[in-house]
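**Q** Please build the complex by placing chain B on the supplied structure of chain A, with the hints as guidance.
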Amino acid sequence: MEDKKSRSIIQQKKAVKQNLQAYSFLLPNLILFMACSLYPVVWTLKYVFYQYGGFGTGVPRFVGLANLARVFRDKVYWQSVLHTFTYGFGKVIIIIPLAFFLAFLLNQQKRGNGVAQSIMFLPTIMSSAVMGLVFYLLFNAYNGEINKYLMQVGLISRPINWLGKNNAMKTLIITAVWGGVGNYMVYFIAGIQQVSEDAIESARIDGAGRLQTIWYIIIPMLGPILKIIMMLAITSAFHDITNVMVLTEGGPNNATMVMSLYGYRYFFPISSAEATIPQYGYGAAVSVVSAVIAGVVTVAYLKVSKKLDDIY
Amino acid sequence: MNRKHLSKSAWAALIGKWVFLAVMIIFTVYPVVYTVLGSLKTNAELTQGGGFLPQEWHFENYYKAFVQADFTQYTLNSVIVSVSVTFLAVATCSLAGFILARREFAGKKLLMALYMSMMFVSLGSVTLYPIYELLRTLKINKTILALVIALTGGQATNVFLVMGFTKGIPKELDEAAIIDGCSIYGVYSRIILPLSKPILAVVALFSFRNAWNDYITSLIMTISMPKLQTLTVAVVQLKYSVNAAAEWHIMLAGASIAIIPILIVYLLANKQFIAGLTAGAVKG
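Just so you know, the protein sequences line up as chains A and B, in that order. Heads up: the first sequence begins at 1 in the numbering used here, then just goes up one per residue. Heads up: the second sequence begins at 313 in the numbering used here, then just goes up one per residue.
Source of the hints: derived by calculation from the structure; they are not laboratory data. One or more hints might be untrue.
[Claimed, not checked] What the simulated footprint calls covered on chain B by chain A, stretch by stretch (three residues with Cβ under 8 Å from a Cβ of chain A suffice, anywhere in the stretch; the number is not a length):
(1) 407 to 420
(2) 474 to 481
(3) 557 to 569
Treat the numbers as computed from the prediction; the structure is a model and nothing was measured. Note that the Cβ used here is the ideal one computed from N, Cα and C, for glycine as well.
Here chain A stands alone, though its shape is the one from the complex:
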């Protein structure tokens, strides 16, 4: 009896020691995770229900659902949601076929393909902020090189106001395609290489042409991976903020204001030229509603793509 007891105490001690050991490995990461991931989310969820102007502006005041109610009445916010969808749709609809086509052309291990792949992937490694500034200069209406070349070639007679109200969103999408197409190309190449060569070969033997091979063999067999790639493209489009912030600052006149940037502006000024009075509670509410919208779209997408599976 005594023996059993002391043995169980030893076992307990051993378990405690093992737990301590485990946490000694985990601790450095855990601290960072708590401080930079978990705490900010909890903080934001809490301040959805408060009115707070920040450090030195008095105690946060509990306002219940007032911030959320304001989000639903805020026309500019819902416009920014619409802009986010326009941006996301425009980006995905161009980038996915383009990336797929590039992957199809470049997936074989042939001379030149590797170099072309490396070049297409290049924008992925560069700062979207720095390149946003470069695009700001390139697309400048009066001094930019894009207009200069287009006029030299004779495609246009007057400079296009690329960053003006009617074109800013298109320009933004062009730069987003520039920055992302190489990334998705690499995903597609990984996917295509998983489609067995035998299937493609036997389709060829049966007399399928290139396009037929793509349409009847590669795309259906890519199905599951295509679904993941599409999902990555959709969710990432919701989070793009740096390029918008640097290139158009959400303007002109909110024409390119996307929902991630709209929440941000209640915390920090979008540009050094702008002064904002922080409204952290309202900003938190905007961000939480935006996260829910992004989540709903993702779930809806998964549901629809599952339905498509059943049809196949």
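**A** Relative to chain A, chain B alone:
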């Protein structure tokens, strides 16, 4: 396949392929070439329309950027921050990924669920505000450490990446080491760490890229200490300077200073970048 035996239609397909690729490559490379060539032009050439190449190569633009616009300091900041973030990310992810792969311990399920959920809850850049306030409470908001901490962050994705990789290393190796008298610390440092080099290289490469290229986090975390700004922040701030219209050449020199180091890294490690991306996407 012998080139002589290519049929006419195969030739047409090949030509079509490379014409399309040439267009895509020009589209991709042009902004980068514009940046580097533009950084050697005068402002008048840039804004009033000069040729493709600079009329004269104005290397003094870089002198102006480094000396007058203080880019020496910003470059130094960028190097310190990126290297520290890379080191911290690799160390913390490696330790955490190892223990999650190899040990059961109290609270593991809860922690895994929390890590997982934070990968899906994305509130975006607004979470920088509570992080900033927290660091201010700890009185480190005016040091470069604040930026290093905020940029390293929780690394949930990388922790799972390392965990998955470690699970692929045979457990028998651990057991043999334990029989030989190794503690869990010995197993980690002598067995797992050397074998994890490929995945840690991926974590390092991507952490470095993210830290070097980051804009918003760096902007916020240096808001009260402009001297600590990194290159990306300093370059973008030139857009808002009083005589921005007269400083396109300095902006492009600054932009080149910001992108050339990462271009060199890419030139040396482009295979690892591309392979790392798929490793992260497929397993992560």
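**Q** Compare the structure with each hint and give your call.
**A** Status of each hint after checking the structure:
Three residues within the 8 Å Cβ limit are the bar, and the stretch 407 to 420 of chain B against chain A gives 9, so the coverage statement holds. With a threshold of 8 Å between beta carbons, the proposed coverage of the stretch 474 to 481 of chain B by chain A is violated, since 0 of its residues qualify and at least three are required. Check on the stretch 557 to 569 of chain B: 4 of its residues sit with their Cβ under 8 Å from a Cβ of chain A, so the three-residue criterion for coverage holds.
The structure fails to meet hint 2 from the earlier list, while all remaining hints are met.
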